[in-house]
Amino acid sequence: MKFLRDTWLVFQRQMQLLLRNPVWVIVGITQPLFYLFLFAPLMSKALGQGRPLSQGETYQLFVPGMLVMVALFSAFSGFGIIAELRAGVIERNRVTPVSRVALLLGRSLRDVVQLMFQAVLVTLLSYPFGLRIAVGDAVLAFLLVGLMALLLSSLGYALGLALKSEDAMAPLLNTLIQPIMLLSGILLPIAMGPAWLQRLADFNPFSWAVSGVRALFAGHPGDDSVWQALAILTPLTVIALIVSSRTFAKSVR
Amino acid sequence: MIIETSGLRKSFRSRAGRDVKTVEAVRGVDLSVAEGEIFGFLGPNGAGKTTTLRMLATLLEPDGGSAVIAGADLRKNPGEVRRRIGYVAQGGSTWDDSTGREELVLHARMYGISKAEAQRRAADALNTFELAEYADRKCKTYSGGQRRRVDIALGIIHQPKVVFLDEPTTGLDPQSRAHMWGEVRKLQQMGMTVFLTTHYLDEADALCDRLAIMDHGQIVAEGTPADLKQEVLGDVVSVQLQRDVPRAADLFGDTDFVRKLETTEQSLRLYVEDGASVIPHVLRTLDAEKIAIDGIELHRPSLDDVFLAKTGRSLRES
Ligand SMILES: Nc1ncnc2c1ncn2[C@@H]1O[C@H](COP(=O)(O)OP(=O)(O)OP(=O)(O)O)[C@@H](O)[C@H]1O
Ligand SMILES: [Mg+2]
Numbered sequence: 066m067k068f069l070r071d072t073w074l075v076f077q078r079q080m081q082l083l084l085r086n087p088v089w090v091i092v093g094i095t096q097p098l099f100y101l102f103l104f105a106p107l108m109s110k111a112l113g114q115g116r117p118l119s120q121g122e123t124y125q126l127f128v129p130g131m132l133v134m135v136a137l138f139s140a141f142s143g144f145g146i147i148a149e150l151r152a153g154v155i156e157r158n159r160v161t162p163v164s165r166v167a168l169l170l171g172r173s174l175r176d177v178v179q180l181m182f183q184a185v186l187v188t189l190l191s192y193p194f195g196l197r198i199a200v201g202d203a204v205l206a207f208l209l210v211g212l213m214a215l216l217l218s219s220l221g222y223a224l225g226l227a228l229k230s231e232d233a234m235a236p237l238l239n240t241l242i243q244p245i246m247l248l249s250g251i252l253l254p255i256a257m258g259p260a261w262l263q264r265l266a267d268f269n270p271f272s273w274a275v276s277g278v279r280a281l282f283a284g285h286p287g288d289d290s291v292w293q294a295l296a297i298l299t300p301l302t303v304i305a306l307i308v309s310s311r312t313f314a315k316s317v318r
Numbered sequence: 301m302i303i304e305t306s307g308l309r310k311s312f313r314s315r316a317g318r319d320v321k322t323v324e325a326v327r328g329v330d331l332s333v334a335e336g337e338i339f340g341f342l343g344p345n346g347a348g349k350t351t352t353l354r355m356l357a358t359l360l361e362p363d364g365g366s367a368v369i370a371g372a373d374l375r376k377n378p379g380e381v382r383r384r385i386g387y388v389a390q391g392g393s394t395w396d397d398s399t400g401r402e403e404l405v406l407h408a409r410m411y412g413i414s415k416a417e418a419q420r421r422a423a424d425a426l427n428t429f430e431l432a433e434y435a436d437r438k439c440k441t442y443s444g445g446q447r448r449r450v451d452i453a454l455g456i457i458h459q460p461k462v463v464f465l466d467e468p469t470t471g472l473d474p475q476s477r478a479h480m481w482g483e484v485r486k487l488q489q490m491g492m493t494v495f496l497t498t499h500y501l502d503e504a505d506a507l508c509d510r511l512a513i514m515d516h517g518q519i520v521a522e523g524t525p526a527d528l529k530q531e532v533l534g535d536v537v538s539v540q541l542q543r544d545v546p547r548a549a550d551l552f553g554d555t556d557f558v559r560k561l562e563t564t565e566q567s568l569r570l571y572v573e574d575g576a577s578v579i580p581h582v583l584r585t586l587d588a589e590k591i592a593i594d595g596i597e598l599h600r601p602s603l604d605d606v607f608l609a610k611t612g613r614s615l616r617e618s
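Residue numbers (our numbering), protein chains in the order written: chain A, 66 to 318; chain B, 301 to 618.
Calculated directly from the structure, the hints in this document are not laboratory data. Just to be clear, a hint being listed does not mean it is correct.
[Claimed, not checked] Which chain A residues stay away from chain B? Per the calculated CB distances, all over 10 Å, these:
no. : residue
1   : 158
2   : 162
3   : 193
4   : 264
5   : 283
[To be verified] Quick list of in silico lysine to aspartate or glutamate cross-link-like pairs, EDC-like style, CA-CA up to 16 Å:
no. : chain 1 : residue 1 : chain 2 : residue 2
6   : B       : 529       : B       : 502
7   : B       : 529       : B       : 473
8   : A       : 315       : B       : 363
9   : A       : 315       : B       : 502
10  : B       : 560       : B       : 550
11  : B       : 610       : B       : 556
[To be verified] If you want a taste of the chain A side facing chain B, the calculated C-beta under 7 Å gives, among others:
no. : residue
12  : 80
13  : 82
14  : 84
15  : 152
16  : 153
17  : 154
18  : 157
19  : 159
20  : 161
21  : 163
22  : 165
23  : 202
Just so you know, even glycine gets a beta-carbon here, dropped at the ideal spot from N, CA and C.
Take these sequences, add in the hints, and give me the full structure.
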């Protein structure tokens, strides 16, 4: 099928370029790793709400937040697309009959693969600290995080193509991502906050995602938050893909 | 006709501070290009050349008008137009960290060509454009001319019927330019119709079978270089002056041997039948009026004269 072939073509090319310069994959997880090793140990008392948590329990709560944090960084994909736009690569792609959705999806899937690698690495590095998770739960958790990466990277591409300038993109992304991150309960569960903050967080899809991933890391795949997260993220991702591939179809440098 | 357009229009809104201005980039372009010719678009910066090409290459939706390219309707069937044309952008299209060969193979495959065939065509194109030596080096290590040749090779890797080249030689040194003219003629020999833009007069003159002169979004003249030059009858005597251009113009304005007179800031151009016989008279007259001259030239009409005659400005100055 042409669409699948096109997506594979774009994906392959992007992977090739990523592997040629893989240092960014590691740079992308330095911040979460700092949090994990320098900040998480502080949290065992705070998170336990009175009863100090074991190291393993602390990481069970903290690692999901870090995974979502790395997934949120997928929105920075928009910077790469501005460089491609400037180099004329996007225009060169657009002049061929290649599928416009493939132009987006191939790139976003590269971001998902990168995120998966980072997520697995962060999880494995937490093992020596006592983190334990069943393989099935982990797969489901990574699926959720991957969906988030797909959503955010495609939005990042749309934003980059619309703004066409890193100078406009950087402040906008920062102001958008900061509140989303804080309202996701990445560092501390939102449930610990006052009621108004919890109501506010209900409007943040990533807050639902963090709850879902936490439930999986806690070994409760049947928890409501898991299917809720999936039900919220899936349609959003589909919409983002449609909107972003439209911007690919129209982008002019 | 392999390209026929009628009434092609495009305007942009641009914002300067609080003002929103509408720029009419292309204001009704009608043209026809015959199969197998090298057709040139000559015009100053901002004339609307790139905008027209982008519309024809399906990259930009026209505000109005229509076009049929290689038998496919631009509006109704852009997908088919894409399959039949190649487009080489003004600003290039290669990625720093890829090699020339990788770019060519990928680009060919985006047209649905199989991997093996794409590799074969890439190798062919690398030979044709004398790039084989650099094929497996990253594009960022290429010289401007080498990179431009990769761009052209990308534009034709799928053997299109028509190829659009937006300023193929801008920024190249004279030697690379001459080289590129050879490449463009090669494309014609391969059976392609070449539609290129340029703001070099010599390039338009030497390379193009036919050309259209564009200014302010409109085509002001169209024809073979020879025909266009013939439209501007006779010789041109151009006199460079430091000052006193208006006074000098008055001296010759009403004389019967001057068919037409034009002035620019520091020169006076007299269109006359026989330049050689007029020059002594011009010199004597100016000398008598104590108007100092910087130089005097006699020339057969060039495309610049055509441009000047059609727009009242010189292409060199604009
Ligand atoms: N995307 C755009 N947004 C706003 N204005 C534009 C856009 N593209 C072109 N223009 C304007 O349209 C006009 C025509 O531009 P165009 O690029 O077609 O000129 P050109 O003939 O190719 O010039 P050059 O020789 O400098 O390449 C210019 O005034 C330009 O500023
Ligand atoms: Mg241009």
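For each hint, the structure was consulted:
1. Not every beta carbon of chain B lies more than 10 Å from that of residue 158 of chain A, the smallest distance being close to 7 Å; the non-interface claim is violated.
2. Taking the minimum C-beta to C-beta distance to chain B, about 5 Å, the non-interface status of residue 162 of chain A is violated against the 10 Å cut.
3. Every C-beta of chain B lies more than 10 Å from that of residue 193 of chain A, the closest at about 36 Å, which supports listing it as non-interface.
4. In this structure residue 264 of chain A is separated from chain B by more than 10 Å, as the shortest Cβ-Cβ distance comes to about 39 Å.
5. Residue-level check passed: residue 283 of chain A sits 42 Å from the nearest beta carbon of chain B, beyond 10 Å.
6. Of the pairs offered as hints, the one joining residue 529 of chain B and residue 502 of chain B holds, with about 13 Å between alpha carbons and a cut-off of 16 Å not exceeded.
7. Taking the CA atoms of residue 529 of chain B and residue 473 of chain B, the gap is about 27 Å. The hint is violated against a cut of 16 Å.
8. The hinted pair formed by residue 315 of chain A and residue 363 of chain B meets the criterion: a straight-line CA distance of about 14 Å does not exceed 16 Å.
9. Of the pairs offered as hints, the one joining residue 315 of chain A and residue 502 of chain B is violated, with about 36 Å between alpha carbons and a cut-off of 16 Å exceeded.
10. For the hint pairing residue 560 of chain B with residue 550 of chain B, the CA-to-CA distance comes to about 12 Å; that is within 16 Å, so the pair holds.
11. A threshold of 16 Å between alpha carbons decides the hint, and for residue 610 of chain B with residue 556 of chain B the separation of about 22 Å lies outside it, so the pair is violated.
12. With 7 Å as the threshold, the beta carbon of residue 80 of chain A stays out of range of chain B, its nearest partner Cβ sitting at about 12 Å, so the hint is violated.
13. With a cut of 7 Å, the hint placing residue 82 of chain A at the interface with chain B holds, because the nearest CB-to-CB distance is about 6 Å.
14. Annotation: residue 84 of chain A was flagged as interfacial toward chain B, and the flag is violated, the nearest CB pair being 11 Å apart, outside 7 Å.
15. Interface restraint check: residue 152 of chain A against chain B, minimum CB-CB distance 6 Å, threshold 7 Å, status holds.
16. Residue-level restraint check for residue 153 of chain A holds (minimum Cβ-Cβ distance to chain B is 4 Å; threshold 7 Å).
17. Hint status for residue 154 of chain A relative to chain B: holds, with the closest Cβ pair at about 5 Å, below 7 Å.
18. Look at residue 157 of chain A: its Cβ gets to within about 4 Å of chain B, closer than 7 Å, so that hint holds up.
19. Residue-level restraint check for residue 159 of chain A holds (minimum Cβ-Cβ distance to chain B is 6 Å; threshold 7 Å).
20. For residue 161 of chain A, the shortest C-beta to C-beta distance to chain B is roughly 4 Å, which falls under 7 Å, so the interface hint holds.
21. Against a cut-off of 7 Å between C-beta atoms, the interface hint on residue 163 of chain A holds, since the closest Cβ of chain B lies about 4 Å away.
22. Residue-level restraint check for residue 165 of chain A is violated (minimum Cβ-Cβ distance to chain B is 11 Å; threshold 7 Å).
23. Look at residue 202 of chain A: its Cβ only gets to about 38 Å from chain B, farther than 7 Å, so that hint breaks.
Hint compliance for this structure: hints 1, 2, 7, 9, 11, 12, 14, 22 and 23 are broken, all remaining hints hold.
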